[in-house]
Amino acid sequence: MSALLEVRDLAMRFGGLLAVDGVSLSLGARQVLSMIGPNGAGKTTVFNCLTGFYRPSAGEILLDGEPIQGLPGHRIARKGIVRTFQNVRLFREMTALENLLVAQHRHLNTNFFAGLLKTPAFRRSERQALEFAHQWLERVGLADGANRLAGTLAYGQQRRLEIARCMMTRPRLLMLDEPAAGLNPRETEDLKALIGLLRDEHGLGVLLIEHDMPLVMGISDRIVVINQGRPLAEGTPAQIRCHPEVIKAYLGEA
Amino acid sequence: MPELYHYLQQLVNGLTVGSTYALIAIGYTMVYGIIGMINFAHGEVYMIASYVAFIAIAGLSMLGLDHLPLLMAAAFAASIVVASAYGYSIERLAYRPLRGGNRLIPLISAIGMSIFLQNEVLLAQDSRDKAIPSLLPGNLVIGESAMHGVVISWTQILIFAVILLVMLGLTLFISRSRLGRACRACAEDLKMAGLLGIDTHRIIALTFVIGAVLAAVAAVLLGLQYGVINPQMGFLAGIKAFTAAVLGGIGSIPGAMLGGLLLGVAEAFGADLFGDAYKDVVAFSLLVLVLLLRPTGILGRPEVEKV
Amino acid sequence: MSTRLRTALFSALLVLAVAWPVLGLKLTTVGIRLEVHNASPAMLWSIAAAALGMFCWQLGRDRLAALWSGAASRPAVPGRLKEVLSLPATQRWGLLALLVPALVWPFFASRGAVDLATLILIYAMLGLGLNIVVGLAGLLDLGYVGFYAVGAYTYALLSEYWGLGFWTCLPIAGAMAALFGFLLGFPVLRLRGDYLAIVTLGFGEIIRILLRNLTDVTGGPNGIGGIDKPTLFGLTFERRAAEGLQTFHGFFGLPYDSADKVIFLYLIALALVLLTLFVINRLLRMPIGRAWEALREDEIACRALGLNPTVIKLSAFTLGACFAGFAGSFFAARQGLVTPESFSFIESAVILAIVVLGGMGSQLGVILAAVVMILLPELMREFSEYRMLLFGALLVLMMVWRPQGLLPMQRPHLELKS
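Chains as they are written, first to last, in our numbering: chain F, 28 to 281; chain W, 54 to 360; chain A, 282 to 699.
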């Protein structure tokens with residue numbers, strides 16, 4: 028049985044710079060895998076390779092055993108990998124609800140004539156989309172802000188909306204790029220609960236980039252440490268906590 | 054070997070036109086390299102420069118000062134000064150007030166500018182073709198005779214010489230001078246360059262002016278070669294030069310030079326093959342083909358998106 | 282010398298360098314010689330005045346600006362009005378209110394006025410179609426007239442060679458234009474937006490060159506004439522019907538009136554505009570309309586969510602082209618004659634100016650802009666040579682001062698009812 032996501036020897040080169048080198052990851056469904064490491068270690072570059080924004084220079088990326096490296100971003104997203112961004116990327120001039128509807132585009136009745144004539148099938152599809160969106164707005168505590176423009180929501184709300192928007196695509200693997208950045212402790216707690224819910228109740232695999240150590244240690248099933256583009260260590264939170272190499276990289280040599 | 058001569062002749066003609074395309078294309082490519090936008094009014098700057106060159110030449114001839122080097126110098130000087138003024142004004146009026154907004158907006162304002170300039174000349178100078186006799190008559194014949202050989206006019210030789218000099222000068226300016234270095238820094242990262250104390254407004258204006266100067270040089274040279282101008286000429290020249298810039302890889306100066314030459318040659322052979330009326334169709338088809346097969350152009354760097 | 286004086290001097294010289302050689306000197310062909318003459322004294326004086334004016338303005342601009350800002354602090358009441366005017370509902374009611382007079386009016390107006398109104402409606406339709414591409418999807422299409430030409434020639438050729446009628450050809454013309462849009466958009470829309478502008482610009486020109494040079498098929502510069510007018514369920518509006526047809530006035534037992542034909546054409550144009558309006562209004566509320574908006578805002582996020590940007594842009598581009606095709610075939614039917622020169626870049630510029638003036642994305646605005654842009658040149662015939670000059674200036678000024686257009690429209694938001 029193959030893992031949900033299997034990354035082997037991923038490398039990404041920009042001109043003379045080897046930003047990512049020899050990174051391997053393995054992640055099953057209902058698992059949270061965190062990538063940690065200093066700023067500039069290449070974590071986001073790994074994300075960009077996995078989601079098709081960069082074409083990796085070498086290595087293999089398998090989703091359920093199927094190679095996906097080099098596919099364009101939207102094709103990868105359709106196979107079930109969606110992501111959030113380090114700096115929130117919402118459609119700011121659209122309402123929260125519309126953000127969620129856009130993300131369901133592929134699942135909607137996009138037949139031109141059906142939409143033009145408002146056929147029953149079209150109405151049904153729109154209604155289901157609205158219901159699904161509403162369900163998730165409630166789940167992330169944004170039901171009151173549904174009709175507000177996304178750009179006017181508070182920062183923590185925007186973060187949650189971005190996750191809800193990902194869920195609209197019915198993903199199998201969710202990738203979160205520093206979701207706790209800029210959140211207060213309470214919001215971080217909520218986020219932790221949300222990630223747990225996504226894993227346990229929706230059976231998602233979650234790949235997480237995060238600097239907030241309590242969150243990472245509390246939620247991760249496994250952790251990969253990356254330093255200067257290369258994998259430094261891998262293991263359970265307990266193993267990573269007392270891994271000598273990791274301590275050295277983070278604290279410097281004592 | 055009449056066949057071979059024929060093709061060589063086409064090659065020479067293509068290179069002549071192509072090298073002037075290259076000059077105009079550099080204007081597009083430099084502006085694009087720095088602000089990431091097409092200067093739609095660039096073709097009109099070229100057209101206006103041609104008028105100024107003709108005015109200078111005709112004016113001096115009327116005064117009886119028809120000494121060839123003097124005429125040439127006056128044509129170059131006048132058209133360069135006026136074209137620079139236009140390049141600078143276009144940037145100030147149609148680009149600078151709109152910086153930082155929706156990308157569509159400066160594009161539309163530049164199109165408006167282009168329509169405005171074309172009609173300004175149309176109204177002031179009327180729409181009829183204006184012609185001057187060749188200033189540099191005479192040919193160089195390589196081969197047995199004009200029929201069995203390659204004919205290169207002295208004008209063409211002058212064009213090659215001047216363009217070579219200008220390109221050399223530009224390359225030195227960009228690579229060696231302080232301002233050239235600032236230009237390169239801005240092309241790399243405009244915001245960062247601004248933070249490091251480079252006056253980016255000035256550098257952007259400078260690239261518009263450099264582009265205009267090169268277009269003026271091209272205008273004088275092509276004016277000598279063809280001897281005919283009209284207010285509509287800027288439109289097509291602009292499209293052609295832009296095609297050349299894309300062909301070579303937009304943002305890259307050597308690319309624009311190469312793209313110009315290639316386009317000129319392709320056009321010459323295309324016209325030979327399909328007839329003169331389809332010359333422009335060839336250029337355009339080439340553009341679509343390049344975009345289809347290699348969107349970054351021949352020497353362009355692939356863009357890395359900042360996610 | 283102070284900096285301000287230097288700036289002022291520089292600006293004044295700039296005005297001189299820009300204006301004097303081109304406006305103050307005139308090239309004239311005398312025999313075979315080219316001569317330079319001074320332009321009219323009035324022109325020379327105005328150049329000098331402009332330079333002087335620039336000089337003074339640059340010297341005193343700070344003081345003037347201070348004066349201006351003091352005077353310009355107006356109350357914010359128009360803000361409310363602007364808000365209400367830009368609501369989709371307001372604009373919808375505005376359009377409906379216009380509809381009744383638009384239907385009744387031609388029966389009382391002069392023939393020439395109705396004819397002009399038909400022309401305005403054609404441009405309104407073109408403006409609405411281009412607005413899908415530019416306003417809704419944010420793609421700059423400078424060769425829109427190319428698709429207009431495809432539509433017009435589709436009808437002209439089908440009518441000329443196969444004798445097909447207008448109503449058969451209308452959908453075919455739309456489909457042909459859409460096909461051209463699809464084939465052109467497919468390679469180009471994958472790339473950065475600016476390429477599209479220049480490729481479409483080239484495309485518009487190429488279509489014209491082809492139409493002019495494929496003389497055997499298109500009649501070259503002379504074009505195709507004698508194109509049939511539309512019929513009403515087989516009833517023609519001509520004085521005498523071709524064999525197998527009946528005339529409108531004969532069928533209803535009315536006296537022949539040549540104005541009937543003009544009114545009928547007007548009504549068809551009105552129907553086509555209404556159809557366009559209906560489609561656009563639905564599009565705004567369909568998934569594809571939302572996707573256009575999302576794509577305009579953040580293409581990267583769209584891709585990360587599995588939306589294919591190329592397909593979404595292509596749908597807008599193709600749809601816009603399709604409407605140009607409809608408008609083109611109607612244009613051919615109205616004129617009875619198509620020539621390549623009806624489809625020059627100027628036309629694209631006029632249509633773009635209509636979209637920009639009306640407000641990108643706004644329906645009512647585009648229709649009003651079409652009225653202004655077509656009516657004004659007709660009313661000011663004596664200034665007709667300045668028409669394009671003013672268009673150009675208008676585009677620049679609109680972009681600098683009011684890029685959202687005269688009558689912008691907010692997108693209708695989908696509301697969740699609790």
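It is worth saying that the hints were derived from the structure and are not from the lab.
Note that the structure is predicted; figures quoted are calculated from it, not measured.
We put the CB at the ideal spot given by N, CA and C, even for glycine.
Among these hints, one or two may not hold up.
[To be verified] A partial selection of chain W residues facing chain A, derived with a Cβ cut-off under 7 Å:
# : residue
1 : Leu64
2 : Val65
3 : Leu68
4 : Ser142
[Claimed, not checked] Estimated spans, in silico, between C-beta atoms of each pair:
#  : chain 1 : residue 1 : chain 2 : residue 2 : range
5  : F       : Gln266    : W       : Phe226    : 56 to 66 Å
6  : A       : Leu345    : W       : Leu232    : 38 to 48 Å
7  : F       : Arg151    : A       : Leu380    : 29 to 39 Å
8  : F       : Asn211    : W       : Leu342    : 33 to 43 Å
9  : F       : Met240    : A       : Leu472    : 58 to 68 Å
10 : F       : Met240    : A       : Arg373    : 47 to 57 Å
11 : F       : Ala208    : A       : Leu555    : 25 to 35 Å
12 : F       : His134    : A       : Leu472    : 54 to 64 Å
request  = Against the earlier hints, flag every one the structure doesn't satisfy and list their numbers going up.
outcome  = Numbers 1, 2, 3, 6, 8, 9, 11, 12, in rising order.
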